[in-house]
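These protein sequence lines are chains Z, Y and P, in that order. To convert, count from 1 in the first sequence and add 6; that's this note's numbering. To convert, count from 1 in the second sequence and add 141; that's this note's numbering. To convert, count from 1 in the third sequence and add 25; that's this note's numbering.
Worth double-checking, as some hints may not be accurate.
Keeping only pairs whose Cα atoms sit at most 27 Å apart, straight-line, the calculated DSSO-like set for lysine-lysine is [as the list claims (entries may be wrong)]:
(1) Z/K158 x Z/K127
(2) Z/K54 x Y/K374
(3) Z/K73 x Y/K374
(4) Z/K271 x Z/K179
(5) Z/K54 x Z/K73
(6) Z/K327 x Z/K271
I should point out that these hints are in silico values taken from the structure, not numbers from a laboratory.
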Amino acid sequence: MKKTTPLLLLLVFGLLAAMFGGCTAQEGSLVATVVVTATPTARPEGAKTVLRVGTGDSGEGLTPHFKIIEMFEAANPDIQVQLEPVGSGDYYARILTQIAAGDPPDLLQIGDDAVPMFVDKGAFLPLDDFIASEQYPLDTSIYLPGVMEPGKWNGAQYLLPKDFSPLAIYYNKKLFDAAGVPYPQEGWTWDDLLATAQQLTLTDASGNVTQWGIQLPGPWTTGFEYWVAAAGGSLVSEDGANFVGYMDSPEVQRAVQFYADLYHKYKVAPPPADMNAFGGGNSEFDSGKAAMRLFGRWPQAGMKQNPNIDLGVAPLPAGAKRAGVLFWGGFGISSLSENPEAAWRFLRFYTGAEGAEVWKDWALPTVKSVADSSGLSNDPIEGVWLNELNHLAPRAYVFTPYWGQTADPALRRVLESVILDPNANVAELVATAAQEAQAALADIQQ
Amino acid sequence: MRRRASDVTRNAPAGLHRTGWRRWLVLAVLWGVAILFLIPFLWMLSSSLKPNYQMFEIPPRWIPNPPRWENYTEALTILPFDLYVRNTALITLLTIIGHLTSCTLIAYAFARLRAPGRDTLFVVMLATMMLPYPVTMTPLYALFNRLGWINTILPLTAPAFLGSPFYIFLMRQFFLTIPRDFEDAARIDGANTLQIIARIMAPMALPALATVTIFTFQATWNDFLAPLIYLQKPELYTVTLGLQFFRSTYTTNWAYLMAASLVTTLPVIAVFFVAQRYFIEGITLTGVKG
Amino acid sequence: MTDTPSSQRVVRSRGSRLARREALTFYLLISPWLLGLLLFVLGPIIASLGFSLTRWDMLSPPEPVGLRNYARMIEDRLFWQSLSVTVRYTLMYVPSELIGGLLLALLMNQVSVRGIRAIRTIYYMPSVLSGVAFVVVWMWLFHPEAGLINATLATVGIRGPRWLADPNTALTALWLMSLWGLGRTAVIYLAGLRSIPRELYEAAAMDGAGAGQAFRHVTLPMLTPTIFFNLVLSIIATFQTFTSAFVATNGGPLDSTLFFVLYLYRKAFQDFQMGYASALAWVLFLIILGLTLLVVRSGQWWVYYEGEQQ
Chain Z
7 MKKTTPLLLL LVFGLLAAMF GGCTAQEGSL VATVVVTATP TARPEGAKTV
57 LRVGTGDSGE GLTPHFKIIE MFEAANPDIQ VQLEPVGSGD YYARILTQIA
107 AGDPPDLLQI GDDAVPMFVD KGAFLPLDDF IASEQYPLDT SIYLPGVMEP
157 GKWNGAQYLL PKDFSPLAIY YNKKLFDAAG VPYPQEGWTW DDLLATAQQL
207 TLTDASGNVT QWGIQLPGPW TTGFEYWVAA AGGSLVSEDG ANFVGYMDSP
257 EVQRAVQFYA DLYHKYKVAP PPADMNAFGG GNSEFDSGKA AMRLFGRWPQ
307 AGMKQNPNID LGVAPLPAGA KRAGVLFWGG FGISSLSENP EAAWRFLRFY
357 TGAEGAEVWK DWALPTVKSV ADSSGLSNDP IEGVWLNELN HLAPRAYVFT
407 PYWGQTADPA LRRVLESVIL DPNANVAELV ATAAQEAQAA LADIQQ
Chain Y
142 MRRRASDVTR NAPAGLHRTG WRRWLVLAVL WGVAILFLIP FLWMLSSSLK
192 PNYQMFEIPP RWIPNPPRWE NYTEALTILP FDLYVRNTAL ITLLTIIGHL
242 TSCTLIAYAF ARLRAPGRDT LFVVMLATMM LPYPVTMTPL YALFNRLGWI
292 NTILPLTAPA FLGSPFYIFL MRQFFLTIPR DFEDAARIDG ANTLQIIARI
342 MAPMALPALA TVTIFTFQAT WNDFLAPLIY LQKPELYTVT LGLQFFRSTY
392 TTNWAYLMAA SLVTTLPVIA VFFVAQRYFI EGITLTGVKG
Chain P
26 MTDTPSSQRV VRSRGSRLAR REALTFYLLI SPWLLGLLLF VLGPIIASLG
76 FSLTRWDMLS PPEPVGLRNY ARMIEDRLFW QSLSVTVRYT LMYVPSELIG
126 GLLLALLMNQ VSVRGIRAIR TIYYMPSVLS GVAFVVVWMW LFHPEAGLIN
176 ATLATVGIRG PRWLADPNTA LTALWLMSLW GLGRTAVIYL AGLRSIPREL
226 YEAAAMDGAG AGQAFRHVTL PMLTPTIFFN LVLSIIATFQ TFTSAFVATN
276 GGPLDSTLFF VLYLYRKAFQ DFQMGYASAL AWVLFLIILG LTLLVVRSGQ
326 WWVYYEGEQQ
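Bound conformation, chain Z alone (with noise of 0.2 Å):
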């Protein structure tokens, strides 16, 4: 036995390395190219300062960054940039057991709220002595609106943006055309939004619904924000302390009653496949059999190569207010880091104007002139994701680093309650929420 095992391996490892070596000995793709050849060990270390960068992005998500590293090193020569990327899922368990352990990367990405958070204990430098340097000065007034705000807290800035999405709504123009209905424009409301709907959902002869008016995110709580802005309420004080008198205000009672009567009272929305994360599992809008969508820019590439899907992207309806979220990642310096100067270069050539004009390609970059530039801005659709960063409401975590801790399990409750009982009271849920909320708050402020 001694003898065959290690054979039978040597014989199976044999049979890979020759079936894998063959594959992708041709061209390969670019990530496939950069990551091998950006290969550290293959290059004299040298005096080089070496500068760890940790992301959540994965797949073809990188390859925008190793454009950036490769852009960067070319100019830099006395900095080695080696990217850790995470895919998504287990980022924070990485990085939380990287900074326990004194061991994080100089740069790292987060998302926008778990800023607060991050920020308060410590984890990030500020930023705002780099920004003015003499040396390596930061124009922040190339930016965008708003996409500055999330990397702030207490009013410093500790991170700067690498990409963000805001809210909009996808329509399908072949549903539209077929049915005779006008495209969504600018002004309108919730109302129009659901007279459109209406119009768009068919049922068969047997009252089987055939094709839904819109799909939506499901129990998804920071995509709910948006009906919670625009009907006009917060879900917690601007203090940060109270979420009773907040989270089961009339205005939030309104938002969760619309959302639960698509479902159920108009069955204007098919009801969720899966109640993971948002709603995910849902696929009407990508069969064409739903006529809208309630999502960020994250699918569109997708949608635009889908041969059911004639895309159109509309602004937010209105409620009793005109108002959008945003969704947002950026890059800061750890409070760890041992070469913040070195990290600082490096940061704001990725997220300054440079790297903006590589990001361009995959995400919406956070540059105005290079929106402007590279016409984005006055794109029939991108043009609609940029105007919708003149509508943001601000989210509710950036009052308080225990949202998603305290408020956000509770509110993620009422969504599932609503969307799977059709007969759930609504002002109930939100007052047992709003209260289960403060508890958990008192919890840990105690």
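With chain Z's structure known, arrange chains Y and P on it following the hints.
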């Protein structure tokens, strides 16, 4: 009484007299269950050939139209999967060698040798499997960081040479079913403990060793959290770390994920297909002398 | 604890010098494991016990809070919910794994059937898929509209449940999904089956035992060490179920699949409460340890070790 190993053919009969309708019944059940187990795989295969917008069509569609074969070439070249396979293969090979050597010795000791504290240590060993990984991950990372082992394969392979409770327990159970006569005979012939383990126990427990090999292969090949935490440079990444790159927070490239998952599973399936003969032919291959 | 018959005293007569030598050999052989225990295992375990007595967000230094984390659990609705989900799932999964795995192993053991190696490989194949792919394919099969299961049910006129989207069926769906991985347990049983000496069956046949009797009087008793192993490991692993819910449901809907370790992971890495997460981990540890000790104790009544017969 003294028995010779060759008297014991560890090939149990199937337990069913397969004549007439019984034989057909067995065949029907065997294939019926096999088809049930295959359906999700066929669905994966079908999905791996679809364009992404056909992924969740209502109603579901079996045959992709048109089949998109490029999903395979693209999924395997957009990331350097050949590199990931090589990295994973090395880690897997070392872990298997580690487990086969260390766990056999340790399991023999727990199964056969009497010593004060043995049973307590055995429970301690079981207990080390009971604390959920998320809470020991951080101190473990700090430890390996202090040793300078981050960004090396040492945190993933070195512990394998110091035994792993699951496999020690598994081997111990099998050693306990082996009659003592064989060892006693060998001991009378002057064999020492290591010789007994190598020449008597290991060959007798061949099905168990095959199980350890297959399970270690599968577990290491599919391990996710440990490589995620300890391997930070892209050039050290393993297959599972590559697979997760097809998912991001708001979108997932389903076709690539399925295509790459299927292809990277092939080595493990191949190992199982080959290794299963060790379950069946077992002892007859090695010809133990008592 | 003892799961070995206490008939060893007879052998003690070999003398204390021999016994000492045997003990020395024992510790020599297990020394790699002891080394690993001291180097890599005990430290982190003790550290996590320490964390459980603190409030720690992993970003700033931990502050000691005594037993407060443990006291907090009593009032924590989600602690009880996650415990209840985990216990209910364990009660569903462990018996089905023990029995289903054995049935599958008996099928895999039909050596004289043509093509059995291919069939055996098919049974095992799901177990080799990486966790995420395994779960994702079932999310598709369970999809209420676009999924194969409900589409198949619809052809015979049954309106299928909403599976993962319905709190009444989500846990059952995860359980059904897990059965696809039974091949793993079956392989351990298969190794056990193949280790039973054929002479025992020959002896039974000579005594006129039929197939059923041979199974009851030879196969089952000889398989008890394997069953014991599978039972202990199944309890330890099932109480720590994580991946299926993490990928498929994230604990929902309405916390109906909030497994204990998923809750603990959420507390540690999403809610920045590593101290509380560590306390949760230690409570789980004590529960699993208690159950395992019960099983190990009971082993002396029903586990039969051929090698212990003198």
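Pair hint Z/K73 and Y/K374, alpha-carbon separation not exceeding 27 Å: At roughly 17 Å apart (the allowed maximum being 27 Å), Y/K374 and Z/K73 satisfy the hint.
Z/K54 paired with Z/K73 [C-alpha distance capped at 27 Å]: The hint holds at about 20 Å.
Straight-line alpha-carbon gap Z/K271 to Z/K179, limit 27 Å: holds, 26 Å
Agreement of Z/K54 and Y/K374 with the hint, judged by alpha carbon distance not exceeding 27 Å: holds, 17 Å
Given pair status - Z/K127, Z/K158, alpha carbons within 27 Å: It holds: about 14 Å lies between the C-alpha atoms, which stays within 27 Å.
Pair hint outcome, Z/K327 versus Z/K271 [Cα-Cα no greater than 27 Å]: holds, 23 Å
Checked against the numbered hints listed earlier, the structure breaks none of them; every hint is satisfied.
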